[in-house]
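Enquirer: Place chain B on chain A using the hints.
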Amino acid sequence: MLRPVYAVMEREVLRLLRQPARLAAAFVRPLVWLLVIGAGFGALYEPAGRAGYQQFLVPGVVGMTLLFGAMLAALGTVHDKEFGVMRMLVMAPLPHAWIVIAKLLAATLVAVLQALVLLAALTALGYLAAGTAPLLLATALAATAFACSAIGMLIAAFSRTLENFAAVMNFVIFPVFFLSGSLYPVQALPAGLRAAAMLNPYTYGVDLLRHALPAGAAGLGPDFSIGRDLAVLLLFTGAATALACWRFSREAAHAPLVRRLARKGS
Amino acid sequence: MRDRSSEPIVAARGLTKRYGDALAVDALDLDVPAGAFFGLLGPNGSGKTTAIHMLSTLIRPSAGEARIAGHDVRREPVAVRRAIGVVFQEPALDRSLSVEENLRLAGRLYGLSGAEIRRRAEELLALFGLGARRRQSAATLSGGLRRALDIARGVIHRPRVLFLDEPTIGLDVPNRRAIWRYIAGLRAETGVTVVLTTHYLEEADDCDLVAFIRGGRVVASGAPRVLVDNLAPRILEVEGADLEPLAQRLAPKFGPALNDGQRLSFCFHGSAADFGALQSELAGAVEALRLRRPNLNDVFLWVNAAQPSEAPAHAAVH
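Residue numbers (numbering that gives the first Met the number 0), protein chains in the order written: chain A, 0 to 265; chain B, 0 to 317.
Hints are computed from structural coordinates only; laboratory data are not their basis. Cβ atoms here follow ideal geometry from the backbone N, Cα and C, with glycine treated the same way. One thing to keep in mind: the hints can contain errors.
[What the hints assert, rightly or not] Pulled from the structure, derived: some chain B residues nowhere near chain A, Cβ distances all over 12 Å:
#: 1; residue: Arg119
#: 2; residue: Gly128
#: 3; residue: Ala177
#: 4; residue: Ala187
#: 5; residue: Gly260
[What the hints assert, rightly or not] Not everything, but these chain A residues come out facing chain B in the computed CB check (under 10 Å):
#: 6; residue: Arg10
#: 7; residue: Gly83
#: 8; residue: Arg193
#: 9; residue: Ala261
The following block holds chain A by itself, in its conformation from the complex (with noise of 0.2 Å):
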């Protein structure tokens, strides 16, 4: 059984050092947002000052290029769904539920090594404060980087074709990413918002993630508790998993794959 997801691990690392535009994204992307966006609004917000708020994006952006790498990751599994490497996947001696572990597992690591490199980059720019515990952190990188996993592994698992990347974009990971804590306490968001926020898994992972990188800014620290942030995490990616691995095992999953290979003779 290693093999085999040792094996999907792999194709997923070889695949996003082969595309180097997908590596630099990873941490862009979240610079952008820290180093224009938390200036930008920094000067609007008045208890934390500019630095503060910077301070407060940090694990917001830590965050995003977790969601971003294993949702993008993960979501490439309807891709693969109908076109090659899902056919090998299929006929492979495992149970179909592996597909879904192996494929979680591959998302996972290429959202932490993403989220490495960016951490990389945060430190040589000083935005890592000297409070970081570096067992939080890792527990943190991890259970949000699996929850996401499971959300792009739950979606893939019941839809028949994501038309295109934009889609996903707007669709899924825009409304995780901003019905989060990211760039705002969860507490000071109006009830609606916050509601949903709470709802939210990812709010948990973010959360986790400010116990681990301190903004040090008072009123802007973390909304939950540690044990409640890593019970959520936990409960969410199990449940979702499970689920997405009963729809694996399910013939309907596969139709699309089956279709397309019917689709000449029959």
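Expert: What follows is chain B alone, placed relative to chain A:
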């Protein structure tokens, strides 16, 4: 390399796939002896691909059962998949990975060790003429080489049964020949049982056994040579303008004819003298008169003619 046991390595009984009201495969019975080169033949839409998909556990049968290498496709899909290799109509390759990386990915998915994969990949790259392109990405391969790589991918784990669904579809003649050469090489080297579908019937001449399938059912089966010999010693073809009266005129002497609109075909059991007499008789009345050896196409056309259906027989075969 025949199997020690006499049990067929692929056995299907009443295998059926229903999509709503449509029967894609209708109570299919198949027996493929171990080591055989087996052809599942029929026109597009006859159910060949659906049958292969059920046998390879990609889809579940609606009814009936099938065993591959002793494993039930419904109850032991993982064991079945371990015993088989499948090459679909479209490649199961990662276009962003190189030739070698694709083989490594496939090998690992079957749980092979790195050393096993390297050894096996070397053999297959040599056998399929891909050695010089090992580092090239799969996306840059020509159609023929990509198919070759896909077949290599399908046999990296030395399966006992290899399913090939239209292995030469979309390829030009030289590439089609190359693919058949690779498959022959593979059979000689490993003794793998090959089950292939094709609608190019002339490609099935080398099969040990074929089954003609139409409307999801087997309509004829046997060794190609036997099927062809049993049909007739010769096929008589008559080309001309007004075929129907000609068919009626010749029927008492040569039996029923197949009329494809351009020519009449008869199963000819007569002698050379009979043909000579016919030539003098029809001189001037027809455009061409021809006597030739029958082939699998003829077998298929006559089987279809004997079992009329909604589909016109001549439209069915390439």
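Enquirer: All hints, please: hold or fail.
Expert: Hint check:
Non-interface status of Arg119/B relative to chain A is upheld: no Cβ of that chain comes within 12 Å, the nearest being about 14 Å off. Every Cβ of chain A is farther than 12 Å from the Cβ of Gly128/B; the closest lies at roughly 21 Å, confirming the non-interface assignment. Chain A leaves Ala177/B outside its interface by the beta-carbon criterion, the shortest separation being 20 Å against a cut-off of 12 Å. Listed as a non-interface residue, Ala187/B keeps its Cβ farther than 12 Å from every Cβ of chain A; the least gap is roughly 24 Å.
Remark: the non-interface label on Gly260/B is consistent with the geometry, its nearest Cβ contact in chain A lying 25 Å away (cut-off 12 Å). The restraint placing Arg10/A at the interface with chain B holds, with a minimum CB-CB distance near 6 Å, inside the 10 Å limit. Of the supplied interface hints, the one on Gly83/A holds, with its beta-carbon coming within about 5 Å of a beta-carbon of chain B, less than 10 Å. Given the 10 Å rule on beta carbons, the hint for Arg193/A is violated: about 42 Å separates it from the nearest Cβ of chain B.
Hint on Ala261/A holds. Least Cβ distance to chain B is approximately 5 Å, under the 10 Å limit.
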